[in-house]
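*Asks:* Oh and the sequence shown: position 199 is 199 in our numbering, straight run, nothing missing.
Simulated from the structure, these hints should not be mistaken for lab results. Hints are supplied without guarantee of correctness; some may be wrong.
[Claimed, not checked] Taking CB as the label site, the calculated pair distances span:
#, residue 1, residue 2, range
1, 218, 64, 36 to 46 Å
2, 256, 339, 43 to 53 Å
3, 64, 311, 48 to 58 Å
4, 271, 415, 15 to 25 Å
5, 323, 254, 24 to 34 Å
6, 60, 419, 33 to 43 Å
Yeah, the Cβ is synthetic: ideal placement off N, Cα and C, and Gly gets one too.
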Amino acid sequence: MPDHSPTTSEETGSQPPISARSAVSIASAVRAGTVRAVDVTTDALDRIERLDRALSAFAEVWDERALECAREVDARIDAGEHLPLAGVPIGVKGRHGLRTAGPLLAAGCVPVGATSVPGPGTPWQTWGAGRYGRTVNPWRRDRTPGGSSAGSAAAVGAGLVPLATGNDGAGSVRIPAAWCGVVGLKVTNGRFPTTDPTGLMAPGVLTRRVADAAAYWGVMARDTRPRTPEPAIPREPAAPTALWSPDLGFASPDPEVVAVAHAATVRLAEAGVVRLVDTEHPFRFVDTEDPLRLVDTEDPLRLVDTEHPFRLEDPAPAWLTLRRPEADPSPTAAVHIRAVNDRRLAALFDRTRLLLTPTAPTPPHGHEGPGDRYSTALTWAFNLSGHPAISIPAGFGPDGCPVGLHLVAAHGREASLLAVAEAAEGVLGPWTATCTRI
1 MPDHSPTTSE ETGSQPPISA RSAVSIASAV RAGTVRAVDV TTDALDRIER LDRALSAFAE
61 VWDERALECA REVDARIDAG EHLPLAGVPI GVKGRHGLRT AGPLLAAGCV PVGATSVPGP
121 GTPWQTWGAG RYGRTVNPWR RDRTPGGSSA GSAAAVGAGL VPLATGNDGA GSVRIPAAWC
181 GVVGLKVTNG RFPTTDPTGL MAPGVLTRRV ADAAAYWGVM ARDTRPRTPE PAIPREPAAP
241 TALWSPDLGF ASPDPEVVAV AHAATVRLAE AGVVRLVDTE HPFRFVDTED PLRLVDTEDP
301 LRLVDTEHPF RLEDPAPAWL TLRRPEADPS PTAAVHIRAV NDRRLAALFD RTRLLLTPTA
361 PTPPHGHEGP GDRYSTALTW AFNLSGHPAI SIPAGFGPDG CPVGLHLVAA HGREASLLAV
421 AEAAEGVLGP WTATCTRI
């Protein structure tokens, strides 16, 4: 098998260019005056010019507009203004992405271009249409980066920008994040305004570090905090409880993908980042060597074999009915599926803090398309239910491509979700490598 691992700055012994560093690091340097936003932007534009011909992650690059914006950021810093994301170059999803990026620009971000999105007529939005043709996965040119935030994920994965926006109607942030080896956050549906009449779409962000996703969330949530504060979370004596589900009870993910995501989950449990529990036996914890064997905490030597109790109904009919109501002759069934899943998820999050699954059921497929399998099988249930979710890198499959671990939390608990993801990064990451073997 060919070596598909990336070449990193650490391996070559050189420091990464300033524009390829984390958003938090860039903003700190610009605020401190050790680097100017114009210099960061110039570096990012040069990097895009050199590397994007191989990736085609951008549909448009806004050289003059970006430099003008960077000069404005420098002027604001010189005037004493505190900007949490000062000088951070970002990609915005699609040619109209600036419409929803207002809070980020106010926080000091510099938009350098519109990232690629799927072209017309592409089934399930699996690849992007950029300046130089189809967008490729930065880990393997013959694989898709995922969709529909294809260019955003590829640009972040290859280190062209540290942060790019996305939106997620069925997994469109989380799936490309998983397949490009980056972090992808989908916020609670309804938290921010949307033009999607179905309510399935929610904003999101793609980054290489969880701290950068948290910085994004801090800026975006501040814009709405007076109206929608995060619910209080009872103080827990130890790590947050979490349920591992390989398939949500209905999907058929590839065993290789499940193995990587489950191994990451085991590492998090062993490191004390989460406590794995079974929802029908709240005082018993899952044996990390076998997710279907329960350990009695009063008698750790006694194991109880049981079938995993948690399952959702396949959300596909409900999701498709909302998207194309005229095509469904029996919308009542879809309403029932959604109601059942909402009840089951409410009961789950009454008992535990997190739900963990693989992000996508398959590795990234080729550019010819996914065939009959939905890459959204493990993500779109949470567009219907509205729960916030994040994909973090879990490791690599046998094809050399990244695999994502999917974390889901109760409505409105983005901050706690990000806190767990950042702790996970300390165990599984950090994910600072940028792909140059493209």
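*Asks:* Look at each hint and say if it fits the structure.
*Replies:* Results for each hint:
1. At about 30 Å, the beta-carbon gap between residue 218 and residue 64 misses the expected band of 36 to 46 Å.
2. Here the CB-CB span from residue 256 to residue 339 is close to 34 Å, at odds with the stated 43 to 53 Å.
3. Between residue 64 and residue 311, the C-beta spacing of about 54 Å keeps the proposed range 48 to 58 Å intact.
4. For the hinted restraint 15 to 25 Å between residue 271 and residue 415, the CB-CB distance of approximately 21 Å keeps it satisfied.
5. At roughly 26 Å, the beta-carbon separation of residue 323 and residue 254 lies within the given 24 to 34 Å, and the hint holds.
6. The beta-carbon spacing between residue 60 and residue 419, approximately 36 Å, falls within the hinted interval of 33 to 43 Å.
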